[in-house]
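**Student:** Residue-level listing of the chains:
2 protein chains.
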Amino acid sequence: MTCPRPQTGQSIVSLSTPLPLIDEDRLQANIARVQSYMDAHNLAFRPHIKTHKIPALARQQIEAGAQGINCQKITEAEVFADAGFDDILITFNILGSEKLDRLEQLNNRISGLKVVADSSVTVTGLANHFHGKKPLTVLVECDTGGGRCGVQTPEEAVTLAQHIESSQGLTFGGLMTYPKAHSESKVEAFFATTQGHLKTLGILCPILSNGGTPSLFSAHLVPSATEHRAGTYIYSDRAMANAGHGTLDDCAMHLLATVVSRPTPDRAILDAGSKALTSDLLGFTDYGHIIDYPEAIITGLSEEHGTVDLSKVTGPRPQIGDKVRIIPNHTCVVSNLFDFITFHRNGVVTRVETVAARGLVW
Amino acid sequence: MTCPRPQTGQSIVSLSTPLPLIDEDRLQANIARVQSYMDAHNLAFRPHIKTHKIPALARQQIEAGAQGINCQKITEAEVFADAGFDDILITFNILGSEKLDRLEQLNNRISGLKVVADSSVTVTGLANHFHGKKPLTVLVECDTGGGRCGVQTPEEAVTLAQHIESSQGLTFGGLMTYPKAHSESKVEAFFATTQGHLKTLGILCPILSNGGTPSLFSAHLVPSATEHRAGTYIYSDRAMANAGHGTLDDCAMHLLATVVSRPTPDRAILDAGSKALTSDLLGFTDYGHIIDYPEAIITGLSEEHGTVDLSKVTGPRPQIGDKVRIIPNHTCVVSNLFDFITFHRNGVVTRVETVAARGLVW
Chain R
58 MTCPRPQTGQ SIVSLSTPLP LIDEDRLQAN IARVQSYMDA HNLAFRPHIK
108 THKIPALARQ QIEAGAQGIN CQKITEAEVF ADAGFDDILI TFNILGSEKL
158 DRLEQLNNRI SGLKVVADSS VTVTGLANHF HGKKPLTVLV ECDTGGGRCG
208 VQTPEEAVTL AQHIESSQGL TFGGLMTYPK AHSESKVEAF FATTQGHLKT
258 LGILCPILSN GGTPSLFSAH LVPSATEHRA GTYIYSDRAM ANAGHGTLDD
308 CAMHLLATVV SRPTPDRAIL DAGSKALTSD LLGFTDYGHI IDYPEAIITG
358 LSEEHGTVDL SKVTGPRPQI GDKVRIIPNH TCVVSNLFDF ITFHRNGVVT
408 RVETVAARGL VW
Chain B
58 MTCPRPQTGQ SIVSLSTPLP LIDEDRLQAN IARVQSYMDA HNLAFRPHIK
108 THKIPALARQ QIEAGAQGIN CQKITEAEVF ADAGFDDILI TFNILGSEKL
158 DRLEQLNNRI SGLKVVADSS VTVTGLANHF HGKKPLTVLV ECDTGGGRCG
208 VQTPEEAVTL AQHIESSQGL TFGGLMTYPK AHSESKVEAF FATTQGHLKT
258 LGILCPILSN GGTPSLFSAH LVPSATEHRA GTYIYSDRAM ANAGHGTLDD
308 CAMHLLATVV SRPTPDRAIL DAGSKALTSD LLGFTDYGHI IDYPEAIITG
358 LSEEHGTVDL SKVTGPRPQI GDKVRIIPNH TCVVSNLFDF ITFHRNGVVT
408 RVETVAARGL VW
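Line by line, the protein sequences are chains R and B. Per this note's numbering, the first sequence starts with residue 58, numbered consecutively. Per this note's numbering, the second sequence starts with residue 58, numbered consecutively.
Just so you know, these hints were derived from the structure itself, not from any lab. As the structure is a computational prediction, the values presented were derived from the model and not from experiment. Treat the hints with care, since some could be wrong.
Heads up, the list lumps identical chains together, so a pair's fine if it works in one copy or across two of them.
Calculated pairs, DSSO-like style, for lysine-lysine (alpha carbon to alpha carbon, straight line, at most 30 Å) [to be verified]:
#1 K243 <-> K191
#2 K190 <-> K256
#3 K256 <-> K191
#4 K190 <-> K369
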């Protein structure tokens, strides 16, 4: 027993909620705008599929001019390899024999698999596993201020590149970073310094991969980078608009929800809670932007209910049964909650896509 | 292509991560402890399946003595009806013709279906749909201070009960509340007052359904209640222990994660991010309790990475490749992210259950 999927041609206002919707025109515009920017700056573009996890959307991104894709998990990469994608970068330190076995199988069936590593432990694990096998391409992950994974200095990056280069089953693929937004000068300094050292040592550094949506349109301020990775831009969300990447009008994902209760004049309850919107705040103090009632505030989420404060709403207030459209704070985690996503153009359903790479554990 | 599921008999330390694990003994103890309490106080117990979404676990709860189950969505109820459950309360205002059609089908195939309503709009929708059909049982949802759905006063509850009672396709089933924790006296006052008014009017009120895990062991302080609903107690979590419901040792769910990076002496990165733990804080400022390193703080989550501050860890620090066990802040939202859950006893896998009722949209 599952939910009936919307049918092509249905009006979105007739659909049962909560339901994530993607506006085809905004989606297409987001893909085109970012690809044009990358083309204009001669940057290879590698969309991160974490945002949509849907092969048909990655195909749209490739058809627009993207060079390959970025995944965060082996199983995501497997789903996309099954769908015909060949140039896949997994930006994760892969450890453990079960994952290494799967990685080897994946490396044997596509030609453009690449992973990252930021420690000699990860590199040694990869080197031991891939010794005597089809070599695996490994990039060094660099922490350029993002504060997550990555070697801390160009010197450490060079040491790890040498470790990769000297390992029989591995090929050094270059450098990768997931930077803090608006820190292009730091990324450039890290990349250029490391590349200089590597050149002196005679080590080729084919890829310098920068990433992130928030300051994506400043990617050209990292001239050393050969490629840029970004995921969220395709749907965009409230946090991206807040960070200055586009506006709320560029957000292709709306969560359609219904007002199911109006217990008091100032309170509305929606059928969208943390199992539809997630609790991601990303700097906000509320849980999404209600397009139809911009003065309304989603003050809290329980699992299947959203609590809305209407006290600031000056015009007519939503009634029980009314549907509202919400721009989520963070789109990538919303699509991860649903087994399918409904697409529309001007309010008419165009297609329903299975979120093929969700729920896969690792 | 999917993740390989763990096999019965495997050691959990050999499993690939991130992976939610349930300790069978703690699970059984949580079921037994709460059921004994309910039995001792002559309260019918109705577990909420939102926490696990797994029919086999609801069967354990029923076998222990629970009377029926509580669902939050029609599709959840359908999954459990398919699995043989007959006494199902859906604690949600159901609106819209597509959902009403599904509700009617469900009402036709099980004998104990019940829903709630908190407005004349919802009741009118139900009444119009069920007129001339097998009657649907409807309880009035009361806001006893929880601040979510529910009529605001006993007088409103009585009016809505009369509306239900006078509707040909509906049967008045009683009262239901999802209260604020530790507000038993408010619940009792609301229930007792409403029941008194109804009695005067000659309206039978068969069920008075109270709910919640945090102050579950005070449920007997609501003598008017005939039943109690609770979900989280079965796995329990960091927020429940913090609220005084059991201790961290009662938490049956641990998320197994691997240290994938140690970029600096004070920083560890786990392969568990918001797509494994969710961003639910529930009053905490960090994202889960690491059992193996209680002084470590999960300061931030990105989608597939957890950032851990080790600066307060006095003993040995975790190394790359080490596995750690995390007690999530909120267990219900974690199981909602995974397609299957792994169970173990003393570290040896006992079974793997599909999370049958997740991803169903509504």
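**Student:** How would you label the pair K190, K369 (within, between, both, or neither) given a Cα cut-off of 30 Å?
**Tutor:** neither (64 Å within a copy, 43 Å between copies)
**Student:** Reference check for the pair K256 and K191, CA-CA at most 30 Å: within, between, both, or neither?
**Tutor:** For K256 and K191, the Cα distance is within 30 Å only inside one copy (26 Å; across copies 79 Å).
**Student:** For K190 vs K256, is the C-alpha pair at or below 30 Å within one copy, between two copies, both, or neither?
**Tutor:** within (27 Å within a copy, 80 Å between copies)
**Student:** Measure nothing new, just compare the shortest in-copy and cross-copy C-alpha distances for K243 and K191 to 30 Å and report within, between, both or neither.
**Tutor:** neither (35 Å within a copy, 69 Å between copies)
In this structure, the hints that do not hold are numbers 1, 4, in rising order.
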